[in-house]
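Novice: The primary structure of each chain is shown beneath.
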Amino acid sequence: MSDTPERDELLERLLLGSGVEPIANEAFSERVMSMLPARRRQTRVVLGAAVGGGALLAVWQLSGAELLHTVAHELQNGDIGIAGIAVVATLLTLGAVLTGWALADR
Amino acid sequence: MDRDAEARIDLALVKRVLLQDDRQAFEQLLRRHQGLVRAQLRRLCDGDAAWADDLAQEAFLLVWRKLSSFRGNARFSTWLYQVAHNCFLQARRRNATVPVQVSPTDEASEMLQTDSGDCPDLQVDLQRALQCLPEGERMVMLYHAQMGMSHEETAQITGFPLGTVKTHALRGKARMRAWLDAYQSGRTIGADS
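Chains A and B, in that order, give the protein sequences. The numbers in this note's numbering rise by one with no breaks, and the one at position 29 of the first sequence is 25. The numbers in this note's numbering rise by one with no breaks, and the one at position 132 of the second sequence is 266.
Check before you lean on any hint, since a few could be wrong.
[Stated by the list, open to error] Some chain B residues near chain A, calculated using beta-carbon distances under 8 Å:
no.	residue
1	A173
2	W185
3	N207
4	N229
5	R311
To be clear, the hints were calculated from the coordinates, so they are not data collected in a lab. C-beta atoms are modelled at their ideal positions from N, C-alpha and C, and glycine is treated no differently.
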């Protein structure tokens, strides 16, 4: 028997059925689960770092602008206006962008 | 259930583990895949069940720690087999006392030319013949021919370049064809005599 499709088919069938059968659990999963260490809260760390980084970036970007001084003045007076809302929106947006980038890159 | 559906379930479970720190989701992943990972490792460990289970345990603990590095651009199962495969390679490297498959070129040729009439069980003889293939071919045959992985998946698991995987697959199958011919002609001769 040489170079016949039947021989090749038989070989394929033999190989596919040749003993890579799933092994019964027999408490293997339980053993592994009992050994799992506590998971580090990486997601929270990433989120915190990203939001903080976004806020710092926004403050740095606005540090030379009149807008930040206006907001500081508004906060001192306890009266947040459009400028304050714009700054908060900028902080949130940059934080969200950084968070999205950090999570997508994981 | 087809492989795509299985992969989607795996991906959903992975996300639950990563985003919600869900141990039950990890246990489901473990239960879904432990059987084949242990079978894979038993093949690599030449049937040493205890060593294979130790490596499987090590692989799943590593998966738990490194799950965030799974990027989802391959099936979770492929990534898992890759982790297990690397655990096997590392264990073999660090433990010089572990019996290493002898470079089997000569032995393989001998096995492939041997009349297998001594053992009537074709599957048993087939396994012996597979064990005697050169290591690269043996690994590629395990993943590609026995576990039904694509060439690309086999390349990812073993770390071999795609071209090497295809070459190993062709050579491995050619050797096994030769072995099957010898086996069958041996049986025919045995039956005639």
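Novice: Take the hints in turn and mark each one as holding or not.
Specialist: Against the structure, the hints:
Below 8 Å, beta-carbon pairs count as interface contacts, and B:A173 has one with chain A at about 5 Å; its hint therefore holds. With its C-beta approaching chain A no nearer than about 14 Å, B:W185 sits outside the 8 Å limit, and its interface hint is violated. Among the interface hints, the one on B:N207 is violated; its C-beta lies about 13 Å from the nearest C-beta in chain A, farther than the 8 Å criterion. Because the smallest distance between the Cβ of B:N229 and any Cβ of chain A comes to about 20 Å, over 8 Å, the interface hint for this residue is violated.
At about 6 Å, the closest approach between the beta carbon of B:R311 and any beta carbon in chain A falls short of 8 Å, and the interface hint on this residue holds.
The structure is inconsistent with the numbered hints 2, 3 and 4, although it conforms to all the rest.
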